[in-house]
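Enquirer: Same order as they appear, the protein sequences are chains A and B. In this text, residue positions in the first sequence follow the UniProt record's numbering: the first is 1, and each later residue adds one. In this text, residue positions in the second sequence follow the UniProt record's numbering: the first is 1, and each later residue adds one.
Derived by calculation from the structure, the hints in this document are not laboratory data. Remember, it's a predicted structure, so these values are computed and weren't measured experimentally. Incorrect hints may appear among the rest.
Cross-link-like lysine to any residue pairs, in silico, SDA-like; alpha carbons within 20 Å at most [claimed, not checked]:
1. A:Lys217 <-> A:Ala247
2. A:Lys217 <-> B:Ile232
3. A:Lys195 <-> B:Arg218
4. A:Lys217 <-> B:Gly247
5. A:Lys217 <-> B:Arg244
6. A:Lys195 <-> B:Phe222
7. A:Lys217 <-> B:Trp246
8. A:Lys195 <-> B:Ile226
9. A:Lys217 <-> B:Ser240
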Amino acid sequence: MTTTAPPRPAAAPQPPARPSLGARAWGLWLRWWRRLTAMRTAIILLFLLALAAIPGSLLPQRSLNQNAVRQYFADHPTLAPVLDRLYAFDVFSSPWFAAVYLLLFVSLIGCVVPRLGEHVRALRAAPPPAPRRLQRLPDSAELATPLPGPAALDVVEEELRVRRFRVVRRSGAEPTPPGPAASGDELSAEKGFWKETGNLLFHLSLVALLLGLAGGKLWGYEGSILVTEGQGFCNSFQQYDTHSSGALVDGSDLTPLCIDLEDFRAEYEEDLTAASYTADIRYGGPGEEGEATTIGVNDPLRVDGDRVYVTGHGYAPRFTVTLPDGTAFTDVSAPFLPSDQTTMSSEGALKLPDLGAGVEDQLALEGFFAPTGLMQGGVLTSIDPRPLNPEVAILAYQGYLGLDSGLPQSVYSLDRSQIERGRLSEVGRANLAVGETLTLPDGTAVTFTGVDQFAALQFSHDPGQVWVLGAAIALLVGLLALLLLRRERFFARVGPAPDGGGTVLSVGSLTRGGGESATSFAELTGRLQAALDERAPTPSAPPSGGAAPEPEVPPRDR
Amino acid sequence: MTVDPSLAELSDTLFSIAVALYSVAVVAFSAQLAFGRRPARQLVSAGGGAPAEAPAPPARTDRWGLAGLAVTAVGAVVHAGVLVTRGMAADRLPWGNMYEFATAVVLVGVVVYLLLAVRVPAVRDIGAFVLAPVVIALVATGLFLYTETGPLVAALRSSWLAVHVSTAILGFGIFFVSGIASVLYLLRLRSDARGAEAEGSFLSRLPNAVTLDRVAHRTAVFGFPIWTFAVIAGAIWAESAWGRYWGWDPKETWAFIAWVVYAGYLHARTTAGWRGRPAAWVNVVGLGVMVFNLLYVNMVSTGLHSYGGLD
Ligand code: HEM
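Isolated chain A (complex conformation) (with noise of 0.2 Å):
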């Protein structure tokens, strides 16, 4: 990169007196631009934001898992505290890590928007003249023809064109207008500005792709919940078990969407190995019949750049619970959480806080559900993620849950503080298979009636995505553009023949990009000759000097 210094204001010639603050404040402002914008700057700047990127690898982050992060805090409790101040379980959302990569994007539109500029006048300009000494190029031949200067000249700006390349023709250090018409001694050309157009292109394009980044992490927003089959919810922050949303999303002004869920399957391997999962599911506004499809891994339901997918799924083991009154509550469930994936064995907590009028004391189930159970030593345990032979081992509470104490509690589990205090005590304990009854010492009965499955589903908004998408590909168009083309300008130059009849033709070019450079030039440089001699009255002399070995790539200053 030779020729990227923005246009410097010059500096004063010698100050006869103390320049102004301002002078100076701008002088200061324009060495460090200087020094912000120069190759080396990206460079150290890019190896800081790999930097910046390993411990949000190596520590838990709030972003991926809060669970580890807390686990994090019970195994270090001196560290932990420090590090989170260092914002080190928030890396990625971190000040610091912004600071590195806004840096970055500073200093990358200080060093492209100049070349911008200057390709735009580049693309309009004249080839640069011809250097004086073509023999010093790293790729010069000469050309011998009996044709005349300015006829061997047209021949070559022929040839040249059909290759695509942009000619001018000067005499000597005159620019002339470009076209075949015009004569002269001498001739630039010029192509391959697209490497430079892809240089330009990648560079913005990431850009765009940060802001496309940006705007979905403030417009965006996520909300994950469990619907068991049968269920359904509707997009708002009050129904999601938990959500996440930008800076700039109103919780207000959701899509107006509800799903719901009617039928979900896993499907394993024969080494239980999970093969799917499917959901079949009707969405659509709130009140609406809504249209039926089916959704699973790898295939998410889109719509109006919205998304739903399934994340996960488990069971909700089903009770019927009867009062000595007779009354009856029949299928409640609750979701137990899957705590082995392999064999999909399960927590949970079944919590009835209403039992109706009259009836002081709460109930709950609290237990282990396996969808295929197996005792062992006494133990239920689950040996298959199908659910071939569901069981539950379940404790039933009565007293008081705590739900209303302000508190914010789990579904998925009691409240300990409550069983402490002995407002929540045990009532009894079973092992039921489906249709079996526990039987509580009131004369409640709990009757384990089935299992129902449900899924972990999520819905996802953001609006930059698309806009991401788009500037990936430019940025590989960019990239492929900038790595694989090449920059080529070529010179000649018409002398007199050594012998006196008719003309040498110094040619000499200089290459950026793309591979050997010496092949292609010999390759060039032989056509010409050929036009050459086709042109020419009578046959002339193969062409002298050779291609010499392939040049470095210049080091760019600074």
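Please arrange chain B with the ligand on chain A, whose structure you already have, making use of the hints.
Expert: What follows is chain B with the ligand alone, placed relative to chain A:
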């Protein structure tokens, strides 16, 4: 879907044969280096025009080199057979776990080396230095990463597996050769710096520094867009499989780090003050990051990508 045990067994046998053939190739290439007589030392001008490659070495050593190449080529065919039979045994693409991934990466490295050796004769001389790491990598893969042939977990059953993982393997394999070329370039520079004292050592028989540097750069230039594409394809797949195109999962993070390091290498290669030695180090670090990503992220950390197949 059942696994065909006899094909799976054949795959394992071919693996051993490939390792054996590559070991023979290392011996042949070493013999080439040991018995080869280097023509007069060439001076390497710093950054200037490349001196022409030395004329072909005497025929006897060339024969060792050609034998090494031939054995390597046969080894590569057998090596490809490892993956083909595994794929047939499980009736799927043979890159669903770490063992298969690493085996495929090494194969790409060998093939890239062979292609280079055919096109750039000087590159034949680095055979021992490519094949020795190949043998080490394969033995380590066989010992530590071996996994029984088996079906894929649900998230991997997507046509994006073919696109994303194939390009990742391709990019990794190319970077593997590129990284070795940079290591050899650095060694060669050291040997050059020691001058006459290093005369006759293995290292002085390497291709000259300019050639090694150029091989490293060309291969990295080839690998970079492929790796870029692999990362983009991974993001597209993640969008449909995991609900977001990018989530800084450890594997994603290290893929990003590797990408940034290689971008740094390409920049460094053309920036005054960074060319030569520092740039080569960046390329070596890049390869280190790729290997770390394969081993550490699959074996130690937990993330969505850790279905490497190790129990
Ligand atoms: C987000 C960070 C960046 C990435 C990932 C990146 C990546 C790349 C890549 C892969 C190349 C191709 C190298 C080659 O020609 O072999 C390149 C070239 C280049 N980059 Fe960057 N770059 C970044 C930032 C910058 C910055 C900040 C600058 C300015 C200081 C810059 C200036 C250039 C220039 C001038 C080229 C030259 C292409 C040529 O004509 O050979 N880049 N960049």
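Enquirer: Are A:Lys217 and B:Ile232 close enough, with their CA atoms no more than 20 Å apart?
Expert: With a Cα-Cα distance of about 18 Å, the restraint between A:Lys217 and B:Ile232 holds, given a limit of 20 Å.
Enquirer: Regarding the pair A:Lys217 and B:Trp246, is the alpha-carbon distance no greater than 20 Å?
Expert: holds (11 Å)
Enquirer: If you draw a straight line from the CA of A:Lys217 to the CA of A:Ala247, is it 20 Å or shorter?
Expert: Within the cut-off at roughly 8 Å; holds.
Enquirer: Take a quick look at whether A:Lys217 and B:Arg244 sit within 20 Å of each other, Cα to Cα.
Expert: holds (11 Å)
Enquirer: For the pair supplied as a hint, A:Lys195 and B:Phe222, confirm whether the alpha-carbon distance does not exceed 20 Å.
Expert: Given pair A:Lys195, B:Phe222 holds - Cα atoms ~16 Å apart, limit 20 Å.
Enquirer: Holds or violated: A:Lys195 and B:Arg218, Cα atoms, limit 20 Å.
Expert: At roughly 17 Å apart (the allowed maximum being 20 Å), B:Arg218 and A:Lys195 satisfy the hint.
Enquirer: Assess, step by step, whether the Cα of A:Lys195 is no farther than 20 Å from the Cα of B:Ile226, and give holds or violated.
Expert: holds (18 Å)
Enquirer: Starting from A:Lys217, check that the Cα of B:Ser240 is at most 20 Å away, please.
Expert: Judged against 20 Å, a Cα distance of about 18 Å means the pair holds.
Enquirer: Take the C-alpha atoms of A:Lys217 and B:Gly247, compute the straight-line distance between them, and say whether it is at most 20 Å.
Expert: The hint holds at about 11 Å.
Checked against the numbered hints given earlier, this structure breaks none of them.
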